[in-house]
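Trainee: Chain by chain, the residues run as shown.
There are 2 protein chains.
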Amino acid sequence: MARLNMPEVLGELFAGIVLGPFALGSLQIWGEPLVAFNEHVLAFAEIGAILILFVAGLEVGFAQFRALGSQSLVIGVCGVLVPFLLGVYVVLVVPLPPTDLPAALIVGAALTATSIAITMRTLEELGVLDSIEGRLMINAAVIDDVLGLIVLSIVISIITTGVTPSPAEATWVVLRTLGLWLGLLLSVVYVGSRLLTLSKKWVARGTIEMAATALCFGSAALSAAIGLHPIVGAFSAGMAIAESKVLAQVREYIGKVSLVFSPIFFGVIGARLNLWALTPMSIYGMLLILAIAIISKVVGCGIPAALATRSSRIGARVGVGMISRGEVGLIVGGIGLAAGAINQDVYAQIVAMAVITTIVTPILLRRSFGRRATSDKFADMTAEQRDASLNTSL
Amino acid sequence: MARLNMPEVLGELFAGIVLGPFALGSLQIWGEPLVAFNEHVLAFAEIGAILILFVAGLEVGFAQFRALGSQSLVIGVCGVLVPFLLGVYVVLVVPLPPTDLPAALIVGAALTATSIAITMRTLEELGVLDSIEGRLMINAAVIDDVLGLIVLSIVISIITTGVTPSPAEATWVVLRTLGLWLGLLLSVVYVGSRLLTLSKKWVARGTIEMAATALCFGSAALSAAIGLHPIVGAFSAGMAIAESKVLAQVREYIGKVSLVFSPIFFGVIGARLNLWALTPMSIYGMLLILAIAIISKVVGCGIPAALATRSSRIGARVGVGMISRGEVGLIVGGIGLAAGAINQDVYAQIVAMAVITTIVTPILLRRSFGRRATSDKFADMTAEQRDASLNTSL
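Quick note, the sequences are listed as chains A and B, same order. Be aware that the first sequence starts at 30, since it is given in this note's numbering, and climbs by one per residue. Be aware that the second sequence starts at 30, since it is given in this note's numbering, and climbs by one per residue.
Check the hints yourself; a few may be wrong.
[To be verified] Below are the DMTMM-like pairs computed for lysine to aspartate or glutamate, each with C-alpha atoms no more than 25 Å apart in a straight line: (1) B:K229 <-> A:E37; (2) A:K285 <-> A:E88; (3) B:K285 <-> A:E75; (4) A:K285 <-> B:E88; (5) B:K229 <-> A:E41; (6) B:K285 <-> A:E37; (7) A:K229 <-> B:E37.
No wet-lab data here; the hints were simulated from the structure.
Can you build the whole structure from these sequences, using the hints too?
Mentor: What follows is the structure, given as structure tokens:
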């Protein structure tokens, strides 16, 4: 995939699909299937998901999160609400295949979080990473990640209690989840800075790495204990460590450790896909969810961006750049399948949506920039002037 | 432990003893024990053992192994045979607690492999790492590691078949195990060099690391399939990679990954220790095994070294430096306990032997060198002259 100039994660997904228990993995060797899920593989995959969100938190950072401008906030919030609400609504109204509320909520949650990594790499290749579009996309994607995880927590809470909430109850669930997350984040930031300061005083090899590991998994366990998903805690732990001076060391360590766990996660995601269970109708459903995924981000992020910058061209570019869904969408799909909220049909649609949006985003983004490296309106401004111009326009 | 200038691994062992299911881990929290072994913890510990031997193989290297001189070979072979035979004999003759042949074989196997890391660090501190004693110890420890694993393979083969072999059968088992190991090593060296050359052609992040991981665990699986212990395969894979140009990259990667797995291994080793099950008699047994451990290496390595260098002082230093047992002894004890070949008493004796020899070796070694940094006889020679002098003396 790297040779084909495509995201490497797609290779891991395809390997899972091809080698999984529904395909080549079902071949019998000495009376046993070649590949089967046992508790060890699933545990490694879960650890992989936790580490992926921990790395995402390291990239975002608590300080950067607090410093976000109002324009990114609006783009990010609309970029979560529009896909979620549109997804839930359309999936309920057009049942391809027939779905209930839990399945619709999982689809909606899987549609929220943007995978900014692909977009960032494309912007870098085009040399426009520091353009106004680039900065808007990265900041909005941070909001997307945080809100996407909160939406997921709310969806899980609704699915496990089994009650469709009234508007008042829904507001209460939203506020309580937000409150729990903020409490978790602040305590992890507090404990994390103390722990890392302490661990730096020790001379033994690996103390900082172990403190970071303990913070990541401790926060994930705490998160699960208060009713949020473990990955929310891992993400918060990453945000806490991103502020500290040991960030580079922790990032290098987790990068190596993730080499073991994260391909197993994506492999399991792919291997869970049963292509034989698909019907013609689920292909239509796949196309429908894909259409929602693309339209909802182009509209939900593009229109606020166009209004903020008073440039429809910048709006279109931001909208296109936010299309790609990746890790979080796949994790949400996996959680939904494991919880029994969605069936193989819907799971396949979510995986296909994540894969195809990841493939098309760099292509569309390159096309939208054409040969011009930066947008017309801000081409001659400095970074500070751009920020000032943006902060007054919203 | 690092602060106390002691090996860090002792801290991991003690943490396991204190927090394990036989001590603080048995405290009930909400009706569940605080720490319990589940299949995930045991799987992590097994992966830890495999990685520890992989790292040991990386340090040894296939090229270095082939280039060993005859004097190191004799010291290494005697340093394995004397502890093994003396251990098996004394444990059978003096049953403290009463033991059968499988238990005696496990004790013997646990007594073979020297843990050179502690000795190397001490020699470095004394500034005599490149002395004649240092070079003899490191090379002989390489032989110890290899032969120790072969002894373990033979012991496991005897325990699982349950037959006490006749001398002819024993010779056959030794030759077959040696042949299997050499075949495994050569195929891993062959496949490994091809795989790593191939993986360097790929541009994707982590290809070399994943090739090394695949070689390590593939070789461990192959080793298990042909009837050797998985750690023998992991050690061979490490030796194969040590020859390649990617050694530094693989060593750094495995160093980070081992930070996760290897403390869990040592923690589990410690946690398996049930101090409450010990009787006064098992304390005597512990002292007996400790005495065998010290005497057998001082005699088994020291006398050949004294003959080779015609210096009783060098012989004594080499003998003292080879006393420490570490990872391999603990792994052998763990295998014996898991296979039911030894009981808690004997297991505790092996763990105590490994811990105490690790603690006393640096103390005795410092004392044996006194204030003089290098030995008298070879003080004025260059490294080449020393080698020439050694190669003629045996």
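Trainee: So, for every hint listed, does it hold in this structure?
Mentor: Status of each hint after checking the structure:
{"no.": "1", "hint": "B:K229 <-> A:E37", "verdict": "16 Å, holds"}
{"no.": "2", "hint": "A:K285 <-> A:E88", "verdict": "16 Å, holds"}
{"no.": "3", "hint": "B:K285 <-> A:E75", "verdict": "20 Å, holds"}
{"no.": "4", "hint": "A:K285 <-> B:E88", "verdict": "20 Å, holds"}
{"no.": "5", "hint": "B:K229 <-> A:E41", "verdict": "19 Å, holds"}
{"no.": "6", "hint": "B:K285 <-> A:E37", "verdict": "22 Å, holds"}
{"no.": "7", "hint": "A:K229 <-> B:E37", "verdict": "16 Å, holds"}
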